[in-house]
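Which chain is which? The protein sequence lines are A and B, in order.
Count along the first sequence from 1, add 1003, and you get the number used in our numbering.
Count along the second sequence from 1, add 1003, and you get the number used in our numbering.
The hints are simulated quantities; they were obtained by calculation from the structure and are not laboratory data.
Incorrect hints may appear among the rest.
If chains are identical, the list can't say which one is meant, so a pair holds when it fits in one copy or spans any two.
Below, computed lysine-lysine pairings styled on DSBU-like, alpha-carbon distance capped at 35 Å [stated by the list, open to error]:
1) LYS1274 - LYS1401
2) LYS1584 - LYS1075
3) LYS1394 - LYS1584
4) LYS1759 - LYS1376
5) LYS1142 - LYS1241
6) LYS1068 - LYS1212
7) LYS1401 - LYS1241
8) LYS1759 - LYS1749
9) LYS1190 - LYS1212
10) LYS1121 - LYS1303
11) LYS1303 - LYS1749
12) LYS1592 - LYS1482
13) LYS1068 - LYS1394
14) LYS1592 - LYS1480
15) LYS1068 - LYS1592
2 protein chains.
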Amino acid sequence: MNQDYITADQWSIIEEGFEKERVQSSESLFSLGNGAMGQRANFEENYSGETFQGSYIAGVYYPDKTRVGWWKNGYPEYFAKVLNAPNWIGINVYVDEEALDLNTCKSVSGFRRELNMKEGWYQRSFEATLPNDVSVRVKATRFLSLDLDEIGAIRFEVTPLSGDVTIKFVPYLDSSITNEDSNWDDKFWNTTSVSSEGNQAFIEAHTMKTNFETCTFMQSDLLHNGKAVHAEPSVIQKELWVGHQYEHKTAKGETLSLQKLGGYTVSRNHKADALIAAAKEAMKNASSLGFETLMANQKKAWSAIWEMSDISIEGDVKAQQGIRFNIFHLNQTYLGRDSRLNIGPKGFTGEKYGGSTYWDTEAYCIPFYMATKDHSVARNLLTYRYNHLEKAIENGEKLGFTDGAALYPMVTMNGEECHNEWEITFEEIHRNGAIAFAIYNYYRYTGDYSYIPEMGLEVLIGISRFWGQRATFSTHKDKYVILGVTGPNEYENNVNNNWYTNYIAKWCLQYTLEQLNKVKEGYPEDYDRIIGHTGLKEFETEEWETIAGQLYFPYSEEHNVFLQQDGFLDKELVTVADLDKSQRPINQKWSWDRILRSPYIKQADVLQGFYLFEDHFSLEELERHFDFYEPFTVHESSLSPCVHSIQAAKLDRMDQAYTFYLRTSRLDLDDYNKEVHEGLHITSMAGTWMSIVEGFGGLRIVEDKLSFTPRIPKEWEAYSFKINFRNRILKVRISHEDVSLELEGKEEMSLRVHGKRVVLAPGKPVSV
Amino acid sequence: MNQDYITADQWSIIEEGFEKERVQSSESLFSLGNGAMGQRANFEENYSGETFQGSYIAGVYYPDKTRVGWWKNGYPEYFAKVLNAPNWIGINVYVDEEALDLNTCKSVSGFRRELNMKEGWYQRSFEATLPNDVSVRVKATRFLSLDLDEIGAIRFEVTPLSGDVTIKFVPYLDSSITNEDSNWDDKFWNTTSVSSEGNQAFIEAHTMKTNFETCTFMQSDLLHNGKAVHAEPSVIQKELWVGHQYEHKTAKGETLSLQKLGGYTVSRNHKADALIAAAKEAMKNASSLGFETLMANQKKAWSAIWEMSDISIEGDVKAQQGIRFNIFHLNQTYLGRDSRLNIGPKGFTGEKYGGSTYWDTEAYCIPFYMATKDHSVARNLLTYRYNHLEKAIENGEKLGFTDGAALYPMVTMNGEECHNEWEITFEEIHRNGAIAFAIYNYYRYTGDYSYIPEMGLEVLIGISRFWGQRATFSTHKDKYVILGVTGPNEYENNVNNNWYTNYIAKWCLQYTLEQLNKVKEGYPEDYDRIIGHTGLKEFETEEWETIAGQLYFPYSEEHNVFLQQDGFLDKELVTVADLDKSQRPINQKWSWDRILRSPYIKQADVLQGFYLFEDHFSLEELERHFDFYEPFTVHESSLSPCVHSIQAAKLDRMDQAYTFYLRTSRLDLDDYNKEVHEGLHITSMAGTWMSIVEGFGGLRIVEDKLSFTPRIPKEWEAYSFKINFRNRILKVRISHEDVSLELEGKEEMSLRVHGKRVVLAPGKPVSV
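Work the whole structure out from these sequences, hints included.
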């Protein structure tokens, strides 16, 4: 844990007291998003201290040059940079002509931020004495509407405390923004128009190269003691900036407020030449409701989300706050409404990593969205990959694969690979397996087989063709081998026979063969269409069968475990416990060669296989592998603790499971990895959800039915969650005494608790 | 072979006929250099066609940003870019106001280039009809003085053929130059003054960041039919450019010539504020001699070089031309006069690769310089590394090594690492071994032990400390292992137990231990100084002994060969002969992952060990390893064919040896690797020399004496070379009939030919 300033609270993230060093961390933690846009918790008023300005629009990116010193064939042309978008939240504030700037105020007291997760708003309040000795109270409330997802709303209130003053508000739009991670001083945005009409203003700008057209807009209204002041603003207009100036005398104790609506209309959703019109329409809809109604609707919308996705924990406020923080940000990032979008690893909270889609989506996020949303949301995520199949085949071709072999990109925005480390882009091929697994997992969980004949089988064929070509035969071993890969543990590169990769490759081949048979029998028309479209030949499927049957898996007789890769045992096997703490995190302390030749594991690798294919192995096997690998694991990926928490729970090591749980759920709140200022770790937040539902709750699908093996950390009194299983809603509460289950809807449901069959009737809670 | 337009000639490189597509290739092939500066064979007059402009100053570089997408700890701060320097050769030519430009002439005939290697000059002549229908004959002669190495000279002659005309010459200097490989649009040069005095002009400019101050200068004289025309030029001056304009009426058949002296004075050799004065002094010295005397001196200087370093081949003009081309360019690149310089991989012929020093110097170039120059030249090259020892230790520290462990950089200008691919920078650590081997080789060849107590032992200690820390103990193998390396074959990255690396590491440790004992006994004062300075502890040397004794070497019982690395046999072992030709060169056709998992070898790897340590292995072992590895070798490094040629000769496979010889000696002339336009492969040219002297000639040092096992390709009648062995000059001529040996100097020399002892008396040739 590297920070501890967030006040523990059931439903809110709260910071009290103004400390400049915490500004960037809080800008991440208090970020807002509504699936379509979002921004860091930057101050509305000017702040001259250290800050990381960031506003983001979903699906809008820039193809940054991926120039590297020594180009390798097959490198992608660009790196998809998550772009800092024009700023619409800005409101410069002057009190008696003195600029309000928390960095220069003589004193700041009562500073408080609250991110109210239950209701979906963010508020900041403080009292400050400006350099001109005038004191004011400020309260700024902001939210991004879930209902009208092009609209955000701000109410900025100033109350003079030391005497009568003149307050000047200058709400503005600004497109002179850059990225923090801008490497080559490139210009990302081209501003084409800056205009103002009455109390509205607009900046039209498009991204360079990708040509996403956007209109950033605002509308402002002035209120004095809550009553509208009908004041025509004066306009200040610059090349990349437009502001409205409102000035009003305000007596001591009275409150002057600026209400600002703002946001983006984007050519992804509107005609490029109608963006201003669309902006006007959006503002008309919003202002016809008014701030209060918008806020009331916001609370309702979040209430509906929580109704389905909340996990409540009794008796442990920090654990409670952690899980809600995770669920809140997942919902801020992706709501499943737009199948062109995906779950960016930093959501709307930062720029790092680039691209929107990693294997995180399939391996970590889909279970959360399946269980807490309508199944169409998960199906949209699968459809996203189906829509990218052709690009995945092109990507395979760039690397020399042929005949429809698909290699899905490691990082993508639109289906094209946009990451350029050879050891990742070319070698971290297990991502293909996660995509196939998600298809299996989706059907296993939702029971909706239709995706497979409609789309999934083609994806599976492309993926299996890749594995079929990527595996090679070793005469020496008399087995098929997969050489030169990077496994989930990215602290090993270019290894041979990574067990996880080989295992999931074999599984993909077998699963594809099974689905081919199933579709052939059950959906002959689809089958014919697919065979026609893919041109699948019999020799291919025969080859897949051969490879699956003869794939090599490194194994140590001595330790009785599968080996992470060939040669793993040649390392100096010093456990993390015996590693000097000053050397941690090794990814900040060690050069790459040293990391590579060490035994240290960034995140679950062999154990990732045991997680996905848990039912293929006995509890004893899991225990042996957990005991062998976890001691070498440094958990320097945000995706690591959750898997280990789930497995520790399964092994009934509840203390360890709880420690891992805290680490995953409060990773950002407590800044375990010393990087929260760069943004939040969104995708691993779904892993936190899993660590409760699958880990402590022990949720599994066994023979098409739900099964629970509930456990509870001793620190908790009880916890409860809801899941949508095959369109039936089940509420589960687990305490030290019992497990209570309650089913919504009309049909009864049969399930298992601790292996025992329970039949639930709707509306009749059962306690086990 | 990808081109075949160079006329075969014993002593010259000749191109006949003007073809625009060949311009860039010829610009490389006809490059000039004098160890201190050089330039590609760009035309003096303006050329609007495709050209690659390049002028270079030894030791002047730019630290380019080495930004990569994902920074890894330990990456160097910069990449040392070989900088295109201001141009001093330019002479714009106008005939009746029409610009002479070979790209726009109505016709060009009799175009001929000659690089006269024997005498060290370059000449270009042609007849051309300009767009205004005026015809002229042009002859341009250029050389870079070996005696006055800041001076180059040009005589540019124009003879009107179609009538009386007015000829205008505009000799100029130009600092508005950029690099072809300029990635980030950086500005490399900052021009601080542009000036003109009489018939002289100066541009002062310094490199950004590195602040090398330079003065580029020129002086011009006009001659009419060989007689000086005393004409004050008019001056044209721009921000980064200065030209002198000479205009003269010239009758049909008469010749107007412009003689231009030019070059650079640099703050590496002069005070920064005295560069113009130094330039004036250089021009005064040169012009007091005059063009003819300068040229005569040039011929003498080259004659002296050839006297010692020539290899003559009788009966095979192409082979003859090839070896002389190689020897010529080696001497143009590095003359051993300045121990701050080294042998850049592209010399003064291009920008690619960057940096000046690779392991090429120690592994390939030192034998050539030892045998064809005074031994001080090779000693200078060793001293260069001694001077960089501290930086090598710092480099080791950046990667986590401690206590004086030295890792020499893979690429450097000033001792700092300046290359940033992790698999090379961090892992291609065998370079350390080549540096130690060069120390051994220098003593073996020259008999000069003094370098070791004076400097070499400290280098050896630093290197052995590195190996001592880099090797780790594998409990599993019960041996020391070296994990995560890249061997000489860069088509494998991050492999374990690369046999070559392990072998040279073991040898380094043992050789260092031996030298420690030897210096302790023979040079006790040096020993005490060194122990004091390095703080070497007994436990360190004990550890080195342990590691050397227990290092692991991968071996295949089945094939009875050492394995290139762990797991090599898991590959699909399809030989190059069975690889579709359309797939070659694989480094242009395949993605990196495919190259890595293939068995294909870029350049000698295991065989590099057999080359360096030939005497450790039997002929049968060499044969077995050659037969195992050569069939997988694609020779896509310029350093590959020479080693294989030497080994094929040793195995008495003369046809194969000859094929490899042609490939190494005419690599650039015939453009085997499809990249001659980028510049020449300088360092591998020393390998060509080795392939004759060590390969065909069979030169070895056996028990402190020369030994020859001469062979001769059937295509040749005879060949002869000279070597300086321990300050005695031996001339060797090998024909199909006999070997004749002739010794210069005063002492007699005992040596072996085909294993038989021969005693040579000075001046008395012996035929064997």
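Please name the hints from earlier in the document that this structure breaks, with their numbers sorted from lowest to highest.
Of the numbered hints, just 7 does not hold.
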